[in-house]
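Chemist: Two chains, two frames, some hints: make the complex.
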Amino acid sequence: MLRLKDLRTALLVALWFVFLTFPIMVIRVNPFERTITWRWQNMVLVGVGSFLMYLVSRIVLQRKAARQKQLRLGLIREKIPWSQRLLEEPRIYLPVLAGVAVFALGFPLLFSTYQVNIMITALMYVMLGLGLNIVVGVAGLLDLGYVAFYAVGAYAYALLHLHFGLGFWTVLPIGALLAAAFGILLGFPVLRLRGDYLAIVTLGFGEIIRLILENWNEFSHGPSGIANIPRPGLFGIEMDLNSAIIYLYYLMIALVLFTVFVVNRLQNSRIGRAWFALREDEIACQAMGIDKTRTKLTAFALGATWAGMVGVIFAAKTTFVNPASFTFLESAIILCIVVLGGMGSIVGVILGALVLILLPEYLRAFSDYRMLVFGAVLVIMMVFRPQGIVSNVRRTYTFRKENRTPEASNTQG
Amino acid sequence: MQSEQPILEVRQLTMDFGGIRALDHLDLQVREGEIVALIGPNGAGKTTFFNCLTGMYRPTGGDLLLTPPGKETRRLNGMKPNKVTRQGLARTFQNIRLFPNMTVLENVMIGRHCRTRAKVLGAIFRDRRTRREEEEIVAFSYAILEKIGLAGVVNEYAKNLPYGQQRRLEIARALATEPIMLLLDEPAAGMNPQETRELDELITRIRDEGLSILLIEHDMKLVMSLSDHIFVMDYGKKIAEGSPEEVRANPAVIKAYLGESDA
Chain A
1 MLRLKDLRTA LLVALWFVFL TFPIMVIRVN PFERTITWRW QNMVLVGVGS
51 FLMYLVSRIV LQRKAARQKQ LRLGLIREKI PWSQRLLEEP RIYLPVLAGV
101 AVFALGFPLL FSTYQVNIMI TALMYVMLGL GLNIVVGVAG LLDLGYVAFY
151 AVGAYAYALL HLHFGLGFWT VLPIGALLAA AFGILLGFPV LRLRGDYLAI
201 VTLGFGEIIR LILENWNEFS HGPSGIANIP RPGLFGIEMD LNSAIIYLYY
251 LMIALVLFTV FVVNRLQNSR IGRAWFALRE DEIACQAMGI DKTRTKLTAF
301 ALGATWAGMV GVIFAAKTTF VNPASFTFLE SAIILCIVVL GGMGSIVGVI
351 LGALVLILLP EYLRAFSDYR MLVFGAVLVI MMVFRPQGIV SNVRRTYTFR
401 KENRTPEASN TQG
Chain B
1 MQSEQPILEV RQLTMDFGGI RALDHLDLQV REGEIVALIG PNGAGKTTFF
51 NCLTGMYRPT GGDLLLTPPG KETRRLNGMK PNKVTRQGLA RTFQNIRLFP
101 NMTVLENVMI GRHCRTRAKV LGAIFRDRRT RREEEEIVAF SYAILEKIGL
151 AGVVNEYAKN LPYGQQRRLE IARALATEPI MLLLDEPAAG MNPQETRELD
201 ELITRIRDEG LSILLIEHDM KLVMSLSDHI FVMDYGKKIA EGSPEEVRAN
251 PAVIKAYLGE SDA
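From first to last, the protein sequence lines stand for chains A and B. Quick note on this note's numbering: the first sequence kicks off at 1 and runs consecutively. Quick note on this note's numbering: the second sequence kicks off at 1 and runs consecutively.
Excised from the complex, chain B in its bound form (with noise of 0.2 Å):
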């Protein structure tokens, strides 16, 4: 397993903004079916890394590499976020970014956009691959919500659904884009214990189908129970790696989280 070539190499990854850098030599690791999370005090540079990842930002050095199964390795170094997508890296943001005046439904079917072609031309005669296109989309969308229990509220503008449920929509729309890993930016930030559990198990679900989670997220107990490896960040390093024991009896970490003592 460990010989295998991870679905996301990160290499000395370093991003400056004017004089200040949020990310200094980075490396960090994904392998296939992995939950890995990412995680460290506010402002230690979890965000700018997700944000360097999905093309949203440039990175100032280092690479970003994609090996997904089966296929060859890429550099996603500033390639644009659609392209990102495209190749299979699927994000959901920290404060939730949904299309609010259209349907659960809709917002499941922009996610399909990247994996479909039609053009204007088509949208205009709807001829017989549009339209058949068109279908597809609706019932991979309705697939998605079924699994991840929204199927109830298709019809629902999204801006009216409760909070838990909104996190649940963003996952399903990423996962319309068919990604081979799945971001999660603080995916239960917000949300009450009971809503946090049904999170877990629907983490875990998508990993048994397949995908690997790279998630960063403040609820420990939701972290130390879901993950597979960990990494901790502080200032825009990495300070300590491993698995979910090993982590939570480093130093280092404690140190981060708690403060030094001065004794």
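The shape of chain A in the complex, shown without the other chains (with noise of 0.2 Å):
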């Protein structure tokens, strides 16, 4: 399988990581002794590491070209894979669901405040993805400015608790119309835009927001941000910090429910496949009496919906607000939890969601190499799995030919 050519790449490669890596892994400057450790080492774990990397990559790479050349030649027939197949059983799904949902809700019980913490922070990176899923995933609008309007989202309960003293209930869906409108109002001059124009005018948006949060002292309080923002409230009911940390992580497994139950409704319509056929092609879809302005805005809006119900959360569960919460940083997590989860496919931006979160914070065992896990978790997964964790299936329909009634059998993964 194997060829001499193979070698000698891989030993090109793992040259030329070994000297990519030379001045970080192999010398080491000690600027108070005045010394220089030479780490050689280092150097041959490099090289050799790389070496095999990269003929193992060859080898998985070169199977799957082989597996498609047979399909292609049908030979064999395509493999249903895992995720698709545990989507479209209800007996593997129905129990797994089961599980899922015994141990979300014990799951406050069993674990401690901290683990809890950082779970509600999951969940809300759950829900701000199944939100940018519909604009990048469903839609096929590369936002790079998601973040925007989760500030908006933010900055409306703190201003708005600031000067009227407006509650969190009453914030929450004044935030996500806010957003909303904020959306619509980024959507028109990007209409016409495509691609790589749309991402670089998205990414503008979100800086412009963030750089007005952060000078405009009268209106957001600059930099200083805003603090002693109530958390949410249970009818009155005082409670203490850590009993109101297992309410907020129950209101998220409500609303991260809500939001899967509307997202998955949303893609199943109309709209939903209006918004599939416009990432597909965007002429067939005008020719097809699709109006594009409408069909783009109510992508825009309803995916900042969420970002700025979200924000709102946020700025309850912190009680403070500041615009280091906000910069393209978190906006690239959002978009990795969706193409990472896989584009339009809800189990896959949750499952995204999960892994990009909570990954980095159980990783902190290796403290120092996390960043640079979570970094190869993204480039081998882009490498091998391009569609994402779950990749998105098409509804299908059977049909009974006496009378021919149409009928939905699995929902979309």
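Just so you know, these hints were derived from the structure itself, not from any lab. Hints are not guaranteed to be accurate.
Said to hold, decoys possible - For lysine-lysine, the following BS3-like pairs were computed, each having C-alpha atoms within a straight-line distance of at most 25 Å: (1) B/255 - A/292; (2) A/64 - A/5; (3) B/83 - A/292; (4) A/69 - B/159; (5) B/159 - A/64; (6) B/159 - B/147; (7) B/237 - B/255; (8) A/292 - B/159; (9) B/119 - B/83; (10) B/147 - A/292; (11) A/5 - A/69.
To be verified - Over the 10 Å line for every Cβ pair with chain B, so calculated as not near, a few chain A residues: (12) 3; (13) 47; (14) 57; (15) 66; (16) 174; (17) 232; (18) 243.
Positions of the beta carbon are idealized from the N, C-alpha and C atoms, including for glycine.
Modeler: Okay, structure coming up:
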């Protein structure tokens, strides 16, 4: 399977990596003692490691290519991926679902407040991911400024509480609507843009919102932010920190379920189909009578709505907002969640969010290499499974010959 | 028949791209229930004409007038593509433009978009009307696929279909918009003789159901056997028109296709 050419390339790759990592892995300069330590064994490790890694990846990719060739020639049938089988077989997914539900409900009882807090963050990103999934995964509009809507929601709560004393439950829908309005506001100028151009404009939009929050002191209190934002209330009951966090956890579970419900219904509707079609081919879409402008604006607005809601929750959870929480990195992470999870797939995005948010938390043990592992996971994923953890599966229909009544069989993954 | 107002009337249509005149005062009519072919050498402006007609381009001058049977005449100039489709003009593309990662059925269901109304709230609450509309979309789309002969592959991804079936699916998708006139841009391109024969039969059947058809085609055998009326274009101008026999015998057409002899 491996030819001499592959070995030669592997050798070159290994040399290149040795060269690249030489300054950080081999040379160690001690500026106080003015000594240099040469760690030659690191160089050997990097060389051998990258050599073997390259060969393994070659083998895997070759096998994949061979499979695809066989598939094309009709020698073998397309293997249904495990993720899809899992979602289609009620005997498998019902117990799994029940297990997840029990685990989710019992989580605060089993683990410490610290763990619950991390889980709340992860669930917030699940919601953000599902929201961005509408824009990027379903409608195919690459939005790099998604964090702007998140900031709109958070500051909506902070400011409305500061000036008018409005509570969490009042602001939650207001924040969502405000974010939707901003979504439409951003939507209008970028309607005619696609791909890279759209990405850059949305990136700019995200930065503009952040810079406004940072510099307009009279409005947003600048970089020092706004503190003393109350946590979500429950009919005016006073709660200590611990129970407030547990309450927020269950609130998040409910909101995530709500999000999944709504997003799933949207995707399986006339509008959802139009979004998918828009992603596939814009020109054909218009020729089939779909109003491009309106469809895009709906996607932007609905995507932003979720960010706005999570923003309100974020402000309530941390009881403090400042512009530093809404950097481009946040947008990038949310985008990673969608891409890694699987564009357009709800289960995929949930898994993606949990993996991407929980992984760095539990990798704290290897704190030095945490981000390195994180980066490696992303690279490996994109090379070997570019469609994401769970690839989007289209809904199928079965027709009975006699009366032709349609019957939806499985729902989208 | 001739005195009747044609379904589509194109008057003095002109389209300039910078200094290049792609369409030069083109006149064309399509009558109800007719199959009209538009032929001409490559670069004659046929696809440009389709793009003007379907709202992809805004023509520089002239009129595009659509008169649906029993309704008033509407001017299509500068109308957005989705509005044109709503008026009853549905097209296919020279290079197939399906939604590759959607199923065959979903591709056709997209065609129903402009005839249905469900909004965001309807999608979320899934009320009675939305559910009924959704069932109707599926049933209507399936019926079209049965008619076109693609009922066996409804759940297949569009990208996995063989070429000939993809072309048919494009026609099915266009039919789902309930057009009064179908615009086919080289429907037989790349098809084998068997597939072309099937296409010939399909187009005739669609016409017999009352639709008017305007097609661009290079397959002369298909054009000659199918068309009621043929328009010939070259360099953005109409150089000839008439029945297949008239066009076949027209010296201007022969010159455009075979070049001028120096003798």
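Chemist: So, for every hint listed, does it hold in this structure?
Modeler: Now the hints, each set against the structure:
Pair hint residue 255 of chain B plus residue 292 of chain A does not hold up; C-alpha atoms about 43 Å apart against a cutoff of 25 Å. For the hint linking residue 64 of chain A to residue 5 of chain A, the alpha-carbon distance of about 19 Å falls within 25 Å, and the restraint holds. Distance restraint check for residue 83 of chain B and residue 292 of chain A: the Cα-Cα separation of roughly 11 Å lies within the 25 Å cut-off, and the hinted pair is therefore satisfied. With a C-alpha separation of about 16 Å, the suggested pairing of residue 69 of chain A with residue 159 of chain B holds against the 25 Å cut-off.
Straight-line distance between C-alpha atoms of residue 159 of chain B and residue 64 of chain A comes to about 20 Å, which keeps the hinted pair within the 25 Å bound. In summary, the hint linking residue 159 of chain B to residue 147 of chain B is supported, as the alpha carbons are separated by about 21 Å, within the 25 Å threshold. Of the pairs offered as hints, the one joining residue 237 of chain B and residue 255 of chain B holds, with about 14 Å between alpha carbons and a cut-off of 25 Å not exceeded. Distance hint between residue 292 of chain A and residue 159 of chain B is fulfilled; the C-alpha atoms sit about 23 Å from each other, no more than 25 Å.
About 18 Å separates the Cα atoms of residue 119 of chain B and residue 83 of chain B, which keeps this hinted pair within 25 Å; it holds. With a C-alpha separation of about 29 Å, the suggested pair residue 147 of chain B and residue 292 of chain A falls outside the 25 Å cut-off, and the hint is violated. Restraint check for residue 5 of chain A and residue 69 of chain A: satisfied, since their Cα atoms lie roughly 21 Å apart, inside the 25 Å limit. No beta-carbon of chain B comes within 10 Å of the beta-carbon of residue 3 of chain A; the shortest separation is about 32 Å.
With 10 Å as the threshold on Cβ separation, the claim that residue 47 of chain A sits away from chain B holds: the shortest Cβ distance comes to roughly 42 Å. Its beta-carbon lying about 26 Å from the closest one in chain B, residue 57 of chain A satisfies the requirement of being farther than 10 Å from that chain. Every CB of chain B lies more than 10 Å from the CB of residue 66 of chain A, the least distance being 20 Å, so the non-interface label holds. Non-interface status of residue 174 of chain A relative to chain B is upheld: no Cβ of that chain comes within 10 Å, the nearest being about 19 Å off.
A cut-off of 10 Å between C-beta atoms confirms that residue 232 of chain A is not in contact with chain B; the least separation is 23 Å. Distance check for residue 243 of chain A against chain B: the nearest CB is about 32 Å away, which clears 10 Å, and the non-interface claim stands.
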